[in-house]
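Novice: Please build the complete structure, drawing on both the sequences and the hints.
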Amino acid sequence: MRMQLSRSARDNLTAYTFLAPWLLGFLVLTLYPMIYSLYLSFTEFNILQPPQWIGADNYIAMFGGNDEVRADPRFMNSLWVTFRFVFISVPVKLMFALAVAMLMNQKLRLIPVYRTLYYIPTLLGGSVSIAVLWRRLFAGDGVINQILDLSFGIQGPAWISNPKYALSTLIILAVWQFGSPMIIFLAGLKQIPDEYYESARVDGAGPVRQFLSITLPGLSPIIFFNLVMQMITAFQSFTQAYVISGGQGGPLDSTMFYSLYLYLKGFGFAEMGYASAMAWFLLIMIAVLTAILFRFSGSLVTYGSGE
Amino acid sequence: MTRRTRTRLSRAIANVIIIVLGIGMLYPVAWLVSASFKESNTIFTSPGLWPTAFTLDNYPEGWRGIGIVSFGTFFKNSFMISGLSVLANVIFCSLTAYAFARLRFVGRRVWFTIMLLTLMLPNHVTTIPRYVIFRAFGWIDTILPFVVPRIFATDAFFVFLLVQFIRSLPTELDESAYIDGAGKFGIYTRIILPLTVPALVTTMLFSFLWTWDDFFNQLLFLNSPDKYTVPMGLRLFLDSSGISSWGPMFAMSVLAIVPAFVLFFSLQKYFVQGIATTGIKG
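Which chain is which? The protein sequence lines are A and B, in order. Start counting the first sequence at 5; every next residue gets the next number (our numbering). Start counting the second sequence at 21; every next residue gets the next number (our numbering).
The hints are simulated quantities; they were obtained by calculation from the structure and are not laboratory data. Just so we're clear, the structure is a prediction, and the values are computed from it rather than from any experiment. The reader is advised that the hints may include incorrect statements.
[What the hints assert, rightly or not] Facing chain B, a subset of chain A residues (Cβ under 8 Å, in silico):
hint, residue
1, N16
2, M276
3, L293
[As the list claims (entries may be wrong)] Cross-link-like lysine-lysine pairs, in silico, DSSO-like; alpha carbons within 30 Å at most:
hint, chain 1, residue 1, chain 2, residue 2
4, B, K96, A, K111
5, A, K111, A, K194
6, B, K289, B, K96
7, A, K194, B, K289
8, B, K247, B, K96
[To be verified] Listing some non-contacts, in silico: residues in chain A with all C-beta distances to chain B over 10 Å:
hint, residue
9, Y40
10, I124
11, G210
Glycine included, each C-beta is placed from N, C-alpha and C at the ideal position.
Specialist: Next comes the structure, spelled out in structure tokens:
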């Protein structure tokens, strides 16, 4: 006797066959690791011995410690360094991207060429090559200081090895890569009808007024999107801080990004329980910040009607 | 001043600002290339781009690497990992995307939402358990930790990109193929795949670039120099060679970014499309 599968059962079977690799990957390589790392975050684990349950001690150490658990001020420092990096580099990068996109949006003939050239830093910026270059450009006797000296007579500091300035070189490197948001803004600006600006001019609105009442509202979904994506990416920055600081987050932990500290804890000191706690806190932090941005956007982001 | 001249003037100003700013932005890259042709002891004497003492020696000298392992090995390893990652992503992300975009099944909305959520997930929460798993399998120092996850379509970003693209395709072709007796797999290979080529090219491009530059995972999973990739080789070279060999260091840094340049300039259209339509991070 042959089993007769119903049409919808057969459809489901076919679809799940197509979906099988992803589904398996999600369960084994994403969901299970998430649960496992949540468990590890409550343990002491050095990979060689089985994990030891220590309750919330890892989290307590991260946030000030108590009578039994010693506080880890390096964690708080890495959080602070990362916050400064994210909340300076992302807004500055987006402002740059928007300003350049608006300059280009005046129907310039060379837009395709400009777009290409301005994307080059983004294309290369994540590589070790550029990080190595940056380390030399901003050295005490590096090219940046030579240019400052030759053109303005300023004696620049030893950027990379001075704890006061080291983070700023990483911020500059991040801002330098504004190509992606610029291309997205440019595409968004093209969607705003010219007539809006013309009728605004007829009504006597100046450039500032036009920017505030037409450009910003028109672009707000895109600005919001860029903000969320860039923020999530920036929180996870690793390579550049690693290479520029020689893998140590120095000088004096001034470039100790969250990811870098997590890496050093987990794989340098083999404190994988602690590193897992850090990973989970990062996840929660990103989720909360994204949620806040979404809430906030409800009142500020205008989604166009139609289309 | 008439309206026309004002427009012209503002365009001219925009052009000048963009060009000046552009030169400033590209100067570091130009300096890197020029430094790779300078003798090491003249590199830091002036910020100028034109080499006073031009030399090609940095390239062969750098290529020799750290003695036992040359950059030839690093490039071979990088191309191997990136190439296989591209292949796996193209096949398995498109298979998954086809299911999400075209097939009807119980639980589709839930799984799709979960897939979108994994887009925002910081890798860190899966890194340590994955490391533990791969280590238990004996996969450290092999290409498997890079390639195997791709076979399970874990790069959700490309799944999302391809779903968006496939959804924009008209369904009439699927239907007529169905009437002609094609199964779901036939529709996927004969109708959907050929039409999805632009999005697949974008997938290939960014898969390649992100794998090529993915320093974090390479640092985690590769231990011995003969397994190192180009970024790892550069770092090793930086640590092991003294201050004297900046010329060869920069020469290899230039070679390391050549693949990205070549891809970018030959497939620009797909880059811009990919970024503008989906807002690729970067």
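Novice: Going back to the hint list, which numbers does this structure go against?
Specialist: 3, 4, 9, 10
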